[in-house]
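Peer 1: My request is simple: use the sequences and hints to build the entire structure.
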Amino acid sequence: MSSGRRIGAVAGKEFLQLSRDRVTFGMVVMIPLIQLLLFGYAINTMVRDIPVAIVDLSGSAAARVIVEQVRVTQVVDIVSSYNTPAEAEAAIVAGAIRAALVLPHDLTHRIAGGETVGQWLVDGSDTMVGSALLALRNMPLKLEAGAPAGAYSSQPPSFEVALFFNPERRSEVNVVPGLTAIILTMTLILFTSAALVRETERGNMELLITTPIYPLELMIGKLVPYVFVGIVQIVIILGLGRLVFNVPLNGAFVDLAIITLAFIAASLTLGLLISTVAKTQMQAMQMTVFILMPSILLSGFMFPYDAMPILAQYIAELLPATHFIRLIRGVYLRGAEAGQLLPDIIWLLGFTVLMLAVATKRFRKSLD
Amino acid sequence: MTEQAITTRGLSRRFGDLLAVDNVDLDIPRGEIYGFLGPNGSGKTTTIRMLCGLLTPSSGKMSVLGLDIPAAAEALRRRIGYMTQKFSLYDDLSVSENMQFLASIHGLGRQQARQRIDQLLDRYTLTSMRNRRAADMSGGQRQRLALAVATLHSPDLLFLDEPTSAVDPENRRDFWEKLFDLVDEGKTILVSTHYMDEAERCHQLAVLETGSLRKQGAPSALMAELADRVVEIRGGDLRKVKQQALRLPQVQSAAQQGMQLRVLLRADINAPAIDILRGQLDTPSLEFSIARPSLEDVFVACTEGGKER
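Chains as they are written, first to last, in our numbering: chain H, 58 to 425; chain V, 390 to 698.
Partial pick of chain V residues on the chain H-facing surface, computed with a CB cut under 7 Å:
| no. | residue |
| --- | --- |
| 1 | Tyr471 |
| 2 | Phe490 |
| 3 | Ser493 |
Keep in mind that the hints were calculated from the coordinates and are not lab data. In this text, a Cβ means the ideal position worked out from N, Cα and C, and glycines have one as well.
Peer 2: Okay, here's the thing in structure tokens:
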């Protein structure tokens, strides 16, 4: 009974302090807002709308068909056309276009003979652009020898690609749910990692440990307000993801709530543990960055988990963010239920209990 | 119920190579104000922290309010109030929010907390600033708030670590009035200070230096021990007289105070103090008189702060 009162007292006090710390309070809202807009637009491993030019030496109807088919891939944006390959090359050097498609004089002959129909002149200085255009090399062209516009081949294309869950291959769909993991890792660990150190630095701790409060009460009381911070942030990120980036929630709210709370709890207790290790707020910040970097790079947010070396995978498994990215992509994009994702949920909950236990054990009501 | 609020035997605390508290024996009676007098680094804060159960002694035994410390530290926490040297309340919370927070931590019920807080706000003249943030208060106001919070749960024993270091003399006087009020209610107060005037107000005093207990007793008794050993000299070139006096083996210290030189002689002198000085300092125009010993004399006499100055 009095334990609940003490936890409530600590939580209420933290809330008050948080609401008066304008900068921190602003960060709660601004970090997800700015970062989502920034990353949502900027982190785009899918390359689209590369500015290119056409050099059509044949002037044939077939050429126009081919150009139209290239245009509809949306990989390129045809911004101009030139009369000679040399002019196109100059434009590439000048940076006006990234590539040019040259269709030769004997285009109709080549089509009839089943030969290569044209040549891409590509600015290779950006590898992402280069590989995107390389992928166009084998794009199936639906045309017959000397085909007029109406005579499209009924032959099936050489291959067909079926993309599940993100048929348009838009990277926002992958990035937005992943961003929740990164933003929550960053803000929640950062806030709680300073929680206890701050009291020590400001001299409040010496008074607090002379009171009858139990370490576990103090720990839980400190965490409660940040659970709400985490919920506010996730609502911002996913709400904005829905409104601005049109990322749909395919799963159920309940499942989303379960996995999110599990991850918030894991992140907060990890921050708390840092707070018992760090001697100053500066140290706490450094340790947070130490956790944050691999959370961004190894969690599957930036690079596919399966493509990483085994050792990196083992390290990634230790990070709550890795488990959460798996969970949220499952629930959010594939419409999975919490029951189907139990191992990762159990891992997060176990992690929470372990961190809380270690942090509580490490925290002593003494100045020794 | 034991007579002593605090007893320690052989209490020591070592930090690495530094012996911060060295073999201290204390007997602090209930219902009194007991002072720790000593310069910075003399072990006052370390001793208080050990008595609160915040630091584990390297050796020695302690009994505080009849409890074995540090073993029973948790039980002790409900019965003591501690005012730390540095202001330890929350700057970004208001007076009443700070008090409500600690009332809940101490397990006071809602109704009980409200009454107690109103009572304390009134007692420490803080009612008009109950909604002011601690950061926006003066040194004296912050100190009254800290005392109010330290007494929220009506503890039997209060530890005040240099409570008046950030306070002007008038506020300091008022503060001591509040302390005597608390003693009237039967509380025991342990206060540390490096102000002589403050130390003089205590019922009993312990003089600490470099971790050791040099002297223990009532201020008046400590001063009485120095009767006939303090001489005031007037007239002549006091700077020069001081140099001469300090060279004498019988002189422990000499310090100029305005127009006079205050000289403290050692305990083992075998002739009246004035005679010794008159015989040795052969400047004709000097006037000698025996002075009432002050607490500063006590401090100088029992520490090694004498001749080196």
